[in-house]
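Chemist: So the chains spell out like this:
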Amino acid sequence: MQPDPIQTAKLAGTRLYHFHGGLRLRHNKQVSCELPIARAALPECVYVPLMQHSGQEAEPTVAAGQKVLKGEVIGRCDHAGGGWVHAPTSGTVNAIARHPISHPSGLDGVCVLVEPDGLDQWTALQPIADWRDAEPAELRELINGAGIVGLGGGVFPTGRKIEEASRRGIHTLILNGAECEPYISCDEMLMREQPASIILGAQILQRAIGADRTVIAIEDQMGAVYQALARAVAATDATAIDIVKVTTLYPEGGEKQLIQVLTGLETPSGGRPTDLGLLCQNVATATAVARAVVEGKALVERIVTVTGSGVRRPRNLAAAIGTPISDLVEQCGGYAEGAARLVLGGPMMGYSLASDANPVIKAANCILVLTENDIQPPQPEMPCIRCGECARVCPALLQPQQLHVTVRNGFWDDTIEAGLADCIECGCCDYVCPSHIPLVDWFRHGKSELRRVAAERAGAENARRRYEAREARLARLKQERRQRMQEKKQALGDQRAKQERIEAAVERARSRRRNET
Amino acid sequence: MTRRFDTGGAPHFPPQATIRQVMLQVVFALLPGIAAHAWYFGPGILLQIALAVTFALLFEAACLTLRRKPLQPFLGDFSAPVTAILFALCLPPLAPWWIALIGMFFAIVIAKHVFGGLGHNLFNPAMIGYVVVLIAFPQAMTAWLPPQSIAAYEPALSEVVAAIATGESPGGMGWDAVTGATPLDTLRNSVAAGQMISEARQSPIFGDFGGLGWEWIANWYALGGLWLLWRRVISWQVPVTMIGSVVLLGLAAWLIDPGSNPAPLQHVFSGALVLGAFFIATDPVSGCASPRGRLVFGAGVGIITLVIRRWGAYPDGVAFAVLLMNMAAPLIDRYTRPRIFGRSS
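Protein sequence lines correspond, in order, to chains A and B. So the first sequence is numbered by the working numbering: it starts at 1 and just counts up by one. So the second sequence is numbered by the working numbering: it starts at 1001 and just counts up by one.
The set of hints was computed from the structure by calculation and includes no laboratory data. There may be inaccurate statements among the hints.
[As the list claims (entries may be wrong)] Here are the computed lysine to any residue pairs in the SDA-like style, where the Cα-Cα straight-line distance is at most 20 Å: (1) A:K10 / B:K1069; (2) A:K498 / B:G1342; (3) B:K1069 / A:I437; (4) B:K1069 / A:P378; (5) A:K297 / A:N94; (6) B:K1069 / A:Q379; (7) A:K297 / A:A196; (8) A:K447 / B:K1069; (9) B:K1069 / A:N94; (10) A:K447 / A:I424; (11) A:K245 / A:H20; (12) A:K67 / A:N94; (13) A:K10 / A:G210.
The shape of chain A in the complex, shown without the other chains (with noise of 0.2 Å):
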């Protein structure tokens, strides 16, 4: 008999597995870790996009020239997928206008420019008093209400998944402190100076969720954040925590893999983690929700790592959302020789912007500067030799070389067979090709092709069915019309033969009457 996951799933971090593929990458750590996390200054202006999170645009709750206070509600979205967007600092809006969002696409979006007034004030906060007595759906309520999203990247709203989740019946609450990209650091950094804040958003969480337990889960190399987190979880009354340290492979950080190296099991195609009783959730994220139950601050600011030989003195910085990437650059030492590309998060699946007016958001876990040695020249495209090291590194345990072909050639339904859906994005593939293909740029272009296709064909097929509604439809009121057509035309009949019965007996009087006389 097969094993019942989610009991294989209740043991998780128990025993190490293996997922297939990944890189050893050079860490690229220390050297933004030598320095302790500073608070970055206030910039002139604040530009906080309406864009941060999945699903919809936050629609604008203020106008230009308003006062606002730090943490006071700018911009709501209830749309499912959604969040709120809050004021970073107290100050004065001074426009709603599309300015750069630091959105993957490159487009500008809404933005909500705040201009400082030194104060930092916040708005009247409310705390929930002590969070152990609270109800679930209470603490839930007010995650969301906070704009907590996912801060690992995935920028899903926090209090969404956490409702879902509680839903679905959670037994295992995972904190991903597995920061598996090079040169990012900022939540190995959060680990070592607040572990604290993550034990406390840990029980928070966990009550939220209706787990039993929590599993901690941070790379081996990560040398003084252990301690720190035991340390932190033996002075509180915290049980049910367990800290574990999964070997340094990129990308053993992304959910699916994480799952797998510490339960074995595979999070099902097309599903979640949730399918296994389980919820996965990053460090910073419960960072954020501790300080939004316990203090009642909204999510109005994150620890954003600054590094790469681009930047002068690399280090982490907790900036206010919506600060330009510029004033960060600046605070550590400005920009090095031959800076030549500015990344945001890491450099395997980081985007590069076009400019360093972009504003921090709450997906900005790194801002990479790269110099013209670090990614040097473009090499030429070259054809595919099907030499397998794609798939040898893929994690999703698909096969590039195919895939590729598959997409470059619209062979859709081939592509959905090939496992699409089923990328991760982690760049492995693209790492690897001795051809320089740019993999994952296709497989993102197959991906939002698939989804243009699934809606032409979802219209096409609305089309058919209406097409064919519309023909049974005139085809049944033909047929109709021809029954009362047949039905008059009987009726008609009728008469006549009456009309006739009449007449011949009319005629019978009278021949009868002619005879008589």
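Got chain A; can you put chain B on it based on the hints?
Modeler: Positioned in the frame of chain A, the structure of chain B alone reads:
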């Protein structure tokens, strides 16, 4: 003050590997085997390699020009020289120069560029070139030299050059005086003549396992192949199943009838089997891509080789076996697609 940057796609790393590196590693891995070949059979093989590489590059450049493709990245990728070297290693050392010319024409122009160039060839180009000249010029292609240690006559370098350039036999002697049957030929003819394998093996051209000289060349190829495995340029599946299937089937046949079937190691160390297992059947473009597919592919090449050696019209069958399996590769790949993460098998 804002600063603007050029954008580019992730991953933001310089390229880690290039096709040129992959191909150059293949060339390096072949060097010990080539050296051993020259050691046992004289410098002819080096001239054949030089000829074939030259012709290959010329044809490659001509095709690229005709197809309006940039010359630099494709000539510099070293795929044409690899094809040429593998082809040349299958030639008798004194084969006339036009063998290489015709072989390279079919390898580079027909098998490679007509199908779309690098990465698009259905068949292994080197083997296409070899099979064409093998079928078209059987006499020139069977003029093998015996190992120098047992050769009656050892042609000097100038004579080798003259023989390749003119097609005349070296030193004015008849071809029969200079050349001899290969070990596989000898086995085949002896068995056909009703001799026992053990009797045939009395000939001085045999060594401990395979042919004299040949077995050591095979060892050096295997060494280069193991280095490629270690460098992960090739994967283990094809060499293991190709040699494995030959050993297993050869063993079964030998146990049943040792009189007319050579010992399994004789098979492994004869002909192009080791070269084929590590360098030819592992060609990624014309072979299978999925790991399970590669298992099937390697086993198929091994089995077909044995079948041709036993029942076919040619003493060795590696080239035909590779081409036949090339045809089957897309189908094999289709049926051996790996299970995708999170899906049941």
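Chemist: Evaluate each hint against the coordinates.
Modeler: Here is how each hint holds up against the structure:
Between the alpha carbons of K10 (chain A) and K1069 (chain B) the distance comes to roughly 58 Å, so the proposed pair goes past 20 Å and is violated. Between the alpha carbons of K498 (chain A) and G1342 (chain B) the distance comes to roughly 79 Å, so the proposed pair goes past 20 Å and is violated. Proximity of K1069 (chain B) to I437 (chain A) is assessed by CA-CA distance (about 17 Å); at most 20 Å being required, the pair is judged to hold. At roughly 18 Å between alpha-carbon atoms, K1069 (chain B) and P378 (chain A) fall within 20 Å of each other, so this suggested pair holds.
About 23 Å separates the Cα atoms of K297 (chain A) and N94 (chain A), which puts this hinted pair outside 20 Å; it is violated. This hinted pair checks out: K1069 (chain B) and Q379 (chain A) have alpha carbons roughly 16 Å apart, not beyond 20 Å. Under the criterion of a C-alpha separation no larger than 20 Å, the hint pairing K297 (chain A) with A196 (chain A) is consistent with the structure, at around 17 Å. Straight-line distance between C-alpha atoms of K447 (chain A) and K1069 (chain B) comes to about 30 Å, which puts the hinted pair past the 20 Å bound.
The straight-line distance between the Cα atoms of K1069 (chain B) and N94 (chain A) is roughly 55 Å, outside the 20 Å bound, and the hint therefore fails. The straight-line distance between the Cα atoms of K447 (chain A) and I424 (chain A) is roughly 11 Å, inside the 20 Å bound, and the hint therefore holds. With a C-alpha separation of about 18 Å, the suggested pair K245 (chain A) and H20 (chain A) falls inside the 20 Å cut-off, and the hint holds. Distance check on the hinted pair: K67 (chain A) and N94 (chain A) sit about 9 Å apart at the alpha-carbon level, within 20 Å; holds.
For the hint linking K10 (chain A) to G210 (chain A), the alpha-carbon distance of about 14 Å falls within 20 Å, and the restraint holds.
When the structure is compared with the earlier hints, violations turn up for hints 1, 2, 5, 8, 9 and for no others.
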